[in-house]
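K.L.:
Sequence:
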Amino acid sequence: MTRTAITAGQVADIFTGAFGDGIEDIQVKEWAEGTRKSKNHAVWIRVRRDLLHDAVKKLIEIDYPHLGVVSGADTGDDIELLYHMLIFFGIPHAEITVTLTISLPKSDLRVPTISDLIPGAVYTEREKQEMLGIEVIGIPDSRGLFLPPDFPKGVYPWRKDETGIRDDMVKELWQVGRPEGRPAPPVKPKEKKKKEDDAEPAAAKESAPPVQGEAPPEPQSPEPAADEKEEVRQDE
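Residue numbers (the numbering used here): 792 to 1027.
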């Protein structure tokens, strides 16, 4: 299958044409970074909650996306979810970051799962359930992911309202101080470095060259073998 890349502007046009008024806001951004001034392309799309599933389907029609994460925040009256995805992954100079944003009123925190379209989404959806208190409809596994089993029910660490972390749950670590009585961490002994002289090859130990202006030393003839010495004595 041949993947044909399109521009960020064309992606925006496709969504605008497909969903019309269902697109609450759409922005195309381009910027350069690094010494090579490599260009980055992004499309930010704010879509109605009821169109989220269809919007992900539309993105898959363009190119199957790589889902980075679903981030979320308590904005006061709403919970905002941002689905960060990348299309044309691996195609040089063609990759586009697409972020789908939806707002959930706190009176109705339900959102459809997209794990049937992108299976790996189930993990980040589970995280948002326990951290923000949303309900992901149709999620195949609704178990908690990060919080311990004895964590209080109805408390959501990322919420900024009365359902967030209570004051009595906050530990002032600066008052407690560093824990004492812990065993020292195992430290691997440092290896002794070999001396440079031991590693120096024999050729490097030859005498240094003569100082400029001095006559070089006379070459010494090799020591004659024992039988050669005997022949010299007989000639004498």
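Just to be clear, a hint being listed does not mean it is correct.
Ranges of calculated distance between the beta carbons of each label pair, as one might list FRET restraints [stated by the list, open to error]:
id : residue 1 : residue 2 : range
1  : Glu963    : Arg839    : 22 to 28 Å
2  : Glu963    : Gly867    : 26 to 32 Å
3  : Lys979    : Leu938    : 32 to 38 Å
Result set (DSS-like, lysine-lysine): computed pairs, CA atoms no more than 25 Å apart in a straight line [unchecked claim]:
id : residue 1 : residue 2
4  : Lys962    : Lys985
5  : Lys979    : Lys962
6  : Lys944    : Lys984
7  : Lys951    : Lys897
Just so you know, these hints were derived from the structure itself, not from any lab.
We put the CB at the ideal spot given by N, CA and C, even for glycine.
K.L.:
Does each hint hold? Answer for all of them.
P.N.:
Checked hints:
no.: 1; hint: Glu963 with Arg839: 22 to 28 Å; verdict: violated, 43 Å
no.: 2; hint: Glu963 with Gly867: 26 to 32 Å; verdict: holds, 27 Å
no.: 3; hint: Lys979 with Leu938: 32 to 38 Å; verdict: holds, 35 Å
no.: 4; hint: Lys962 with Lys985; verdict: violated, 50 Å
no.: 5; hint: Lys979 with Lys962; verdict: violated, 34 Å
no.: 6; hint: Lys944 with Lys984; verdict: violated, 57 Å
no.: 7; hint: Lys951 with Lys897; verdict: holds, 12 Å
The earlier numbered hints that this structure contradicts are 1, 4, 5 and 6.
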